[in-house]
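Engineer: Letter by letter, the chains look like this.
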Amino acid sequence: MNALQKANFDLLEQQFYSSKAKDSVAWVNQASEAEARQTLRHHAVAVKDPQEILFRQGMDEFLDYAGILELACLAGCLGPEPLLEKVVKVLDAEPVLFYYRDHYPLLLPQLLRMRLQKKWGVVDQDSDTATRSFHAFLTLFQVLKPGTPVNTFLALLDEYMLRNPDSDPDEPLTPAFTTLGDVVATLKDKERLSEILTRPPTTHLDFGIRGLFSFLDFSLEFQRMLLRMSSSRLLLSGCWFQCRYWFRRFQENILPTLSELASELGQPAQYGKDLATYENCLIKILDPGWGTPLLAVAPPGVHS
Amino acid sequence: MSRLPSMTVNVGINSQFQMAAKPNGKLVVFVHGFGGQSFSTWQGFEEMLPSNRSFQDCDYIFFGYDGLTTQAYISACLLRALLKVVVTPAGLESLLPPSTQKLRGFKGYNKIRIVAHSLGAVVTRRALLDLWLERQATPSLPPLSPLDFILFAPAHLGAMNVDLLAASLIESIPLIGGFLNAATRHKYKAIFDLASGSPMLTKLERDTELALARGAGPLVKPIKVVYGDREEVVIAGRFCDDPPAELVEGHDHSSLCRPTAKFGLPFDWIGAGL
Chain D
1 MNALQKANFD
11 LLEQQFYSSK
21 AKDSVAWVNQ
31 ASEAEARQTL
41 RHHAVAVKDP
51 QEILFRQGMD
61 EFLDYAGILE
71 LACLAGCLGP
81 EPLLEKVVKV
91 LDAEPVLFYY
101 RDHYPLLLPQ
111 LLRMRLQKKW
121 GVVDQDSDTA
131 TRSFHAFLTL
141 FQVLKPGTPV
151 NTFLALLDEY
161 MLRNPDSDPD
171 EPLTPAFTTL
181 GDVVATLKDK
191 ERLSEILTRP
201 PTTHLDFGIR
211 GLFSFLDFSL
221 EFQRMLLRMS
231 SSRLLLSGCW
241 FQCRYWFRRF
251 QENILPTLSE
261 LASELGQPAQ
271 YGKDLATYEN
281 CLIKILDPGW
291 GTPLLAVAPP
301 GVHS
Chain X
1 MSRLPSMTVN
11 VGINSQFQMA
21 AKPNGKLVVF
31 VHGFGGQSFS
41 TWQGFEEMLP
51 SNRSFQDCDY
61 IFFGYDGLTT
71 QAYISACLLR
81 ALLKVVVTPA
91 GLESLLPPST
101 QKLRGFKGYN
111 KIRIVAHSLG
121 AVVTRRALLD
131 LWLERQATPS
141 LPPLSPLDFI
151 LFAPAHLGAM
161 NVDLLAASLI
171 ESIPLIGGFL
181 NAATRHKYKA
191 IFDLASGSPM
201 LTKLERDTEL
211 ALARGAGPLV
221 KPIKVVYGDR
231 EEVVIAGRFC
241 DDPPAELVEG
251 HDHSSLCRPT
261 AKFGLPFDWI
271 GAGL
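So the protein sequences, as listed, match chains D and X. The working numbering puts the first residue of the first sequence at 1, with every later residue one more than the last. The working numbering puts the first residue of the second sequence at 1, with every later residue one more than the last.
A couple of the hints might just be wrong.
Said to hold, decoys possible - Calculated pairs, DSBU-like style, for lysine-lysine (alpha carbon to alpha carbon, straight line, at most 35 Å):
1. Lys102(X) to Lys86(D)
2. Lys284(D) to Lys262(X)
3. Lys189(X) to Lys188(D)
4. Lys102(X) to Lys119(D)
5. Lys86(D) to Lys189(X)
6. Lys22(D) to Lys22(X)
7. Lys102(X) to Lys20(D)
8. Lys20(D) to Lys84(X)
9. Lys6(D) to Lys107(X)
10. Lys22(D) to Lys84(X)
By construction, these hints were calculated from the structure, which means they are not laboratory data. As the structure is a prediction and not an experimental result, all values here were calculated from the model.
The task is simple: from the sequences and hints, build the whole structure.
Structural biologist: Now the structure itself:
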């Protein structure tokens, strides 16, 4: 690994390997296989224990980080060098493998694992363009990072219930948890929505609502980026896989509410036009064709 | 030449530090306007800067702040806090991993240029004024790196009409703008600051005049002011001792700061003398 690649790796680690992800990795490394498998199960068996929820969130953040590393390799910014070994050790652990390959298939961590096993070594052809595209994607992806309003919204979109620190059992106006249902209800309550949007955010609900709107902006920017990146087809495809999950969840859980609101509230023409723009954008992003270039060259055995 | 992945700076909202692998000692700081975000205002810059020869080895910061629900003065304090870090020789380097510091071999900035749009002009002017005032009060503070600024469609004389400004939200943040009715949109604190003759703007003008009289120079006087001929959001005019503005045909309040393959002027303005 040359000096530039080392600097790239260290910067990516600093920016995308969250402390929660590190905690989950440390936990997986010391837990028994049975214990780890139980914690990282499919959610068909309900996950309610706060500690388990925390570990799973951390694991999701780790897998996001692994996805970024694979994209960096695809763009030629990193090589499969010893520094990446510490990542592959976790990706190799059976319970973790089940989690990202079988329960919730994520292509990029699987490819990274294969890359480190020398079963996959593809790099985008034009490395200068790919590097620029990768940096542009990272810049965009920053708004999804832990600690941002979008991240709060995505946690809610992923069915997490966020505990409200100020909740009081005797005070029904401050519920113990914020859920996606609260976001949807707020979208339908114009007065409440206006109140939230015109003051600085302080609660999970405030951040969730802000995050929703920021996610819509992210979608527009992401679509523009996909169109711009046409000369780095593999990287483009990889970036799409990195975000696909969220767009699917958004389409299933929020888009119908926004469409319903548009017709129910008899919104002004401008609103309808904007909503149509976002709807079209999401439909275009969800086209599975974006994933084809990478899937076409991916080694057999990957789950997508 | 090579560039590095961007880094989030924990000042403001989603402020991003974009680094050259071998920096040439020049930094461009972008400050968005009312209802904007660190990047969306500058659409075109972020994707085209790395391939533009004049900017290849520069560092850039896209400063983000809440240009809606936070008072402009508070945002100016945040920008000043960021500038205080970047004007020191250590800059943001101390936040970077050692391998990145070693690769960059950074020795401090020999030129910092701030580029601000709309409300961002008010935020920038206030931040620079206060930076200068701090140094007047405490001469022992380290000297500033050479610093200048360029203003795109500045709102330092206020908005043409706060109704228009509020309505412009529909364009800048489409879905939110559509959700809010006109009365609600006026609750945004930034709108209060941008009313012509607001306490914020009045004080800014008075302090700028005083600072100019005391020789504050480049910290209070932009090197360039640009408006589009289709400007209808802010009051176009000369502020204090600013240079006469340049007019660009065929552009409005927002398109002025969005370069395209056919509209490369913003690069020329920002790159001149950098």
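Engineer: For this structure, which hints from the list above don't hold up?
Structural biologist: 5
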